[in-house]
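> Start from the sequences and build out the full structure, keeping to the hints where you can.
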Amino acid sequence: MKQKHLTIIAKKEFKGLFNERTILLAVLLQLFIAMFSSFLMVGLTSMYDPSSLSKYSHTQYSIGYAGNDSQMLTYLESSRDFRVFRMDLSTAVAALEQRKLAAVIYVPDTRAADPGPVKITVYTLKNDLQTAVVSVKLKDVFLKYEQDLRTVRADRLNEQIILLEIPKASGGGDFYEFVYGLLIPLLVFMPAIIASALIIDLITEEYQHETLETLISTPVTFNEMVWGKVLCCEILVPIQAGAWLILLMANGIAIQNAGLILILVMISSLILILLGTLTALHYRERTSAQFIFSTALVVVILVALALPANPLNLLTRLAVGTAAGEQWLVLGFTVCIVFVLGLLTHWYAGRIGRSHHAG
Amino acid sequence: MSIYRDIATIARWEVKRSFSMMSRDVLPFAIILLILLVLATGFTAQSGLHIQDRMYTVGVDDPDVAKLLAGDARFAVYLLDPAALRSNPQAFDLIIVGGRLSGSETDRAKAAQKTLERDYAKYVNSVYNTEQDLFAAYPLWIDSQEIKAELDFLATQSGHYVGASSRSVAPVPDGDVKNIPTPSSTLSITEEELRQGLVQSNAQNTQISRYTEALSSSPTTAMGNFKTPSQISPPLPFDSIILVFVFIFPLYFTSQFFMMSIMNERIERKGEILLSTPVRSSSIILGKALPYLLGMFAICAALILYIRASPIILLPLIPVIFFFLANALLIGMLARSFKELSFLSIFFSTIATSYLFFPSIFANVHVISLISPLTLIVLTIQGSTWTVTDYLYSTSLFWLTGIVIFYIATKNFKDERLFSEKRLLSRVREFLSEILSERHPLISLFLFCAFSIPFIFMVQMMCLVLFFNLPMPYSLVLLLLFAALTEEIAKGVGIYTLYARDPGFLSWKMLVLASIATAAGFLVGEKLLLFVTLAQISDSIFGSILFLSLGALWLPFLLHCACVLIVASCLKLWGKKGFVPGLVIAMVVHCLYNLYFVMRWIG
Numbered sequence: 000m001k002q003k004h005l006t007i008i009a010k011k012e013f014k015g016l017f018n019e020r021t022i023l024l025a026v027l028l029q030l031f032i033a034m035f036s037s038f039l040m041v042g043l044t045s046m047y048d049p050s051s052l053s054k055y056s057h058t059q060y061s062i063g064y065a066g067n068d069s070q071m072l073t074y075l076e077s078s079r080d081f082r083v084f085r086m087d088l089s090t091a092v093a094a095l096e097q098r099k100l101a102a103v104i105y106v107p108d109t110r111a112a113d114p115g116p117v118k119i120t121v122y123t124l125k126n127d128l129q130t131a132v133v134s135v136k137l138k139d140v141f142l143k144y145e146q147d148l149r150t151v152r153a154d155r156l157n158e159q160i161i162l163l164e165i166p167k168a169s170g171g172g173d174f175y176e177f178v179y180g181l182l183i184p185l186l187v188f189m190p191a192i193i194a195s196a197l198i199i200d201l202i203t204e205e206y207q208h209e210t211l212e213t214l215i216s217t218p219v220t221f222n223e224m225v226w227g228k229v230l231c232c233e234i235l236v237p238i239q240a241g242a243w244l245i246l247l248m249a250n251g252i253a254i255q256n257a258g259l260i261l262i263l264v265m266i267s268s269l270i271l272i273l274l275g276t277l278t279a280l281h282y283r284e285r286t287s288a289q290f291i292f293s294t295a296l297v298v299v300i301l302v303a304l305a306l307p308a309n310p311l312n313l314l315t316r317l318a319v320g321t322a323a324g325e326q327w328l329v330l331g332f333t334v335c336i337v338f339v340l341g342l343l344t345h346w347y348a349g350r351i352g353r354s355h356h357a358g
Numbered sequence: 000m001s002i003y004r005d006i007a008t009i010a011r012w013e014v015k016r017s018f019s020m021m022s023r024d025v026l027p028f029a030i031i032l033l034i035l036l037v038l039a040t041g042f043t044a045q046s047g048l049h050i051q052d053r054m055y056t057v058g059v060d061d062p063d064v065a066k067l068l069a070g071d072a073r074f075a076v077y078l079l080d081p082a083a084l085r086s087n088p089q090a091f092d093l094i095i096v097g098g099r100l101s102g103s104e105t106d107r108a109k110a111a112q113k114t115l116e117r118d119y120a121k122y123v124n125s126v127y128n129t130e131q132d133l134f135a136a137y138p139l140w141i142d143s144q145e146i147k148a149e150l151d152f153l154a155t156q157s158g159h160y161v162g163a164s165s166r167s168v169a170p171v172p173d174g175d176v177k178n179i180p181t182p183s184s185t186l187s188i189t190e191e192e193l194r195q196g197l198v199q200s201n202a203q204n205t206q207i208s209r210y211t212e213a214l215s216s217s218p219t220t221a222m223g224n225f226k227t228p229s230q231i232s233p234p235l236p237f238d239s240i241i242l243v244f245v246f247i248f249p250l251y252f253t254s255q256f257f258m259m260s261i262m263n264e265r266i267e268r269k270g271e272i273l274l275s276t277p278v279r280s281s282s283i284i285l286g287k288a289l290p291y292l293l294g295m296f297a298i299c300a301a302l303i304l305y306i307r308a309s310p311i312i313l314l315p316l317i318p319v320i321f322f323f324l325a326n327a328l329l330i331g332m333l334a335r336s337f338k339e340l341s342f343l344s345i346f347f348s349t350i351a352t353s354y355l356f357f358p359s360i361f362a363n364v365h366v367i368s369l370i371s372p373l374t375l376i377v378l379t380i381q382g383s384t385w386t387v388t389d390y391l392y393s394t395s396l397f398w399l400t401g402i403v404i405f406y407i408a409t410k411n412f413k414d415e416r417l418f419s420e421k422r423l424l425s426r427v428r429e430f431l432s433e434i435l436s437e438r439h440p441l442i443s444l445f446l447f448c449a450f451s452i453p454f455i456f457m458v459q460m461m462c463l464v465l466f467f468n469l470p471m472p473y474s475l476v477l478l479l480l481f482a483a484l485t486e487e488i489a490k491g492v493g494i495y496t497l498y499a500r501d502p503g504f505l506s507w508k509m510l511v512l513a514s515i516a517t518a519a520g521f522l523v524g525e526k527l528l529l530f531v532t533l534a535q536i537s538d539s540i541f542g543s544i545l546f547l548s549l550g551a552l553w554l555p556f557l558l559h560c561a562c563v564l565i566v567a568s569c570l571k572l573w574g575k576k577g578f579v580p581g582l583v584i585a586m587v588v589h590c591l592y593n594l595y596f597v598m599r600w601i602g
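Those protein sequence lines, which keep their order, are chains Y and L. Letter by letter, the first sequence follows residues 0 to 358 of numbering that gives the first Met the number 0. Letter by letter, the second sequence follows residues 0 to 602 of numbering that gives the first Met the number 0.
Treat the hints loosely; a few may be bogus.
[Stated by the list, open to error] Rough simulated footprint, nothing fancy, chain L against chain Y, three-plus residues with beta-carbon under 8 Å:
| hint | segment |
| --- | --- |
| 1 | 86–96 |
| 2 | 105–117 |
[Said to hold, decoys possible] Below are the DMTMM-like pairs computed for lysine to aspartate or glutamate, each with C-alpha atoms no more than 20 Å apart in a straight line:
| hint | chain 1 | residue 1 | chain 2 | residue 2 |
| --- | --- | --- | --- | --- |
| 3 | Y | K118 | L | E191 |
| 4 | L | K421 | Y | E19 |
| 5 | L | K269 | Y | E284 |
| 6 | L | K121 | Y | D139 |
| 7 | L | K269 | Y | E205 |
| 8 | Y | K14 | L | E420 |
| 9 | L | K121 | L | D63 |
These aren't lab readings, by the way, just hints derived from the structure by calculation. No residue lacks a Cβ here, since even glycine has one placed at the ideal position from N, Cα and C.
Okay, structure coming up:
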């Protein structure tokens with residue numbers, strides 16, 4: 000294999016990509032996803048952790064209270080979130096139906112020290128954003144009341160609990176797990192998936208457009224052609240992934256070990272690219288190759304995710320800065336897989352190349 | 000009759016050909032991969048997803064606490080003696096010494112503490128679940144009853160304020176008061192059943208159980224409506240994620256085959272034979288699409304049967320299938336190479352998926368969600384009903400854009416378009432140019448603009464969803480800019496296409512006439528579609544920006560005219576280079592006009 004031939008092929012593919020402005024589409028796509036990730040941040044995570052939702056509203060909600068007096072009533076009345084009205088149950092529910100109340104609570108006359116449970120009935124509106132906020136706020140009051148009741152009935156408990164004293168959280172950290180444990184690995188690995196789909200296109204195109212014979216009648220061998228294309232796809236990965244990292248950092252998301260992350264992504268993406276190469280060499284036709292490859296991709300990703308210390312996990316830990324030495328082990332293992340796949344590709348491409356030259 | 004026969008013949012060919020092409024040892028591999036897929040899914044379901052393993056570090060001095068935390072893979076737990084921990088607190092996110100937790104001030108530590116709090120609560124519950132006296136451990140039970148409000152969708156938007164009136168007297172309901180029976184003070188199920196329910200709900204990871212529960216219509220918890228206070232949580236929106244995977248991805252996959260089949264006709268002019276037959280191009284397209292259409296129906300029907308959902312789900316899926324096929328056809332006809340095909344289809348699928356998926360997250364929460372047909376599916380699975388109006392509202396854009404795209408594709412399905420090797424944008428222009436008549440350019444422009452409205456609405460809906468979560472002034476400003484820009488582009492494209500075809504077309508007289516035709520077409524299309532579907536959205540403040548021009552007719556007409564005139568004049572004066580500056584100027588004018596109205600509206 001001559002290095003010059005490799006770069007010629009890679010350059011040719013790059014030129015094709017730029018000529019078609021497909022790169023522009025890829026950039027647009029990334030921007031689009033970046034915009035949506037801001038939507039994800041607020042929209043989806045507020046649902047992930049609904050308690051963050053209640054921070055957005057500072058209104059007082061009207062609550063109907065029916066039934067008997069209890070400590071509940073005192074808590075509700077002292078809460079700044081609610082305005083409590085003592086009402087008859089039927090009237091209160093009718094008012095709720097007309098959205099004149101946010102919720103209705105019915106408390107029975109069970110006493111705190113009774114053997115049975117205290118059962119509170121809560122009426123809320125179906126399918127309503129306000130209900131989501133109100134029930135988060137009501138939950139706090141219920142928890143307080145539950146603690147009271149538990150204290151009264153404490154002598155009836157006999158299991159031992161490991162006690163932990165947890166200081167009140169100072170807020171923040173809501174989005175952390177979502178951003179670092181999901182968003183960053185997905186975004187940074189997306190270029191690898193795009194690159195592996197691209198290699199299939201590049202190879203099958205030579206077959207289906209019947210340009211292959213012309214190409215290998217030049218001094219470039221079949222093997223060099225394949226590796227040149229792999230090189231082109233591989234170069235695109237760190238460029239795109241790096242752009243993501245810079246974009247994320249510009250958004251105020253601190254990412255540690257950016258260099259190591261790029262190396263990790265480059266090596267892991269080679270696995271996918273080589274798998275794509277093998278599939279494309281085997282089928283020589285885009286529909287079949289893409290179909291088989293995308294199914295195989297799902298299998299590979301699923302299995303990888305199920306393994307502890309997989310590359311995606313390593314990426315998360317590198318990004319948050321808790322990777323402790325074993326990253327080299329994971330990296331080494333990944334390199335081994337790449338090496339085996341590389342040998343396989345080289346052998347397979349060599350075999351096909353010989354048959355082309357013979358025929 | 001012969002048309003149907005043609006279609007049937009082409010469809011048969013298509014099936015035969017795709018099978019002969021796929022036969023090259025695809026099937027055995029596909030079967031192996033499917034088996035592997037099932038195995039991998041099982042393996043993953045068992046071992047869980049290990050993305051977040053060992054994200055946080057915790058130092059503890061008590062082996063019992065260490066054991067408690069080791070159950071959560073997210074923690075890397077280090078058991079050390081208290082002195083070592085105290086001397087080196089920076090090495091850990093959290094340290095627990097003598098049962099006291101302390102953490103550093105970093106974001107990671109805060110997130111770690113949140114996770115730990117949840118884990119601890121879970122542990123405490125698991126201990127309480129084994130208590131002899133369950134009602135001492137869980138003395139309080141909440142029975143939640145959901146009431147269906149009379150004022151449904153529109154009220155959701157103002158609902159924030161209705162429940163939070165500033166009056167200090169109890170509200171009085173209008174009309175008759177239905178008698179609500181006093182709830183009994185006892186739970187209707189036994190202590191043991193409750194205990195089982197508690198153990199069950201504590202054991203399952205709510206994040207995952209939501210995925211599986213989404214597809215079984217009846218929740219199978221033993222506890223009925225009863226919950227302990229810590230179990231109260233608003234409905235999580237993950238149903239739609241799983242729905243996207245279950246319903247949309249197979250559809251997307253199948254439409255890929257259609258895309259590729261169209262593309263294959265174009266490689267090395269293979270489709271020339273087909274085009275030279277006396278069959279009409281619409282028959283060819285329909286014939287080629289038919290097997291895929293039926294295949295997609297079959298897949299959806301099978302899925303619906305499998306999850307035992309109501310067959311009514313098929314109704315909102317039909318326009319989605321139609322839309323996917325239309326776009327696959329267009330992309331297959333537009334792309335010059337496989338690379339371009341891949342990128343175009345990835346691009347399209349990302350946008351289409353987000354358009355379908357993001358609004359439906361808010362299925363139970365906000366009226367915006369109804370712009371996605373997926374929401375109707377979520378609602379059906381949850382057992383809620385939707386009306387014909389809801390259906391029209393969420394699917395009409397899919398129907399209309401699908402039809403327009405099919406029409407454009409049929410018009411362009413001929414030699415000189417299919418086998419041309421031009422750039423993407425000039426190809427798009429040629430495609431559009433084909434549907435603009437040379438003899439009646441003004442009528443064509445009018446119709447062109449009227450039919451661009453569904454596309455504009457789709458883009459604007461997208462923007463609406465996109466900007467909905469930004470803080471208030473920004474979301475309005477961005478929406479304002481983008482709404483103006485999309486409208487101006489849509490209006491300008493028609494004239495640009497005519498100009499590119501024949502620069503001599505734009506005489507000053509023609510320029511004015513063309514602007515009037517464009518503006519009129521735009522206005523008519525907008526009004527028609529608005530009255531049919533979008534009354535609900537247009538009532539909110541966001542809607543008032545997008546569809547401001549509902550009021551007096553002559554004012555928006557003048558605005559549209561002026562903006563198109565600006566773009567057309569720039570084209571006439573500076574040629575094609577003038578198009579983009581013209582668009583920018585028109586956008587500014589449009590924004591100023593909108594701002595004037597919004598300001599007045601708000602003020």
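> Compare the structure with each hint and give your call.
Each hint, compared with the structure:
no.: 1; hint: 86–96; verdict: holds (count 9)
no.: 2; hint: 105–117; verdict: holds (count 9)
no.: 3; hint: Y:K118 - L:E191; verdict: holds, 17 Å
no.: 4; hint: L:K421 - Y:E19; verdict: holds, 10 Å
no.: 5; hint: L:K269 - Y:E284; verdict: holds, 15 Å
no.: 6; hint: L:K121 - Y:D139; verdict: holds, 17 Å
no.: 7; hint: L:K269 - Y:E205; verdict: holds, 16 Å
no.: 8; hint: Y:K14 - L:E420; verdict: holds, 16 Å
no.: 9; hint: L:K121 - L:D63; verdict: holds, 16 Å
Of the numbered hints listed earlier, not one is contradicted by the structure.
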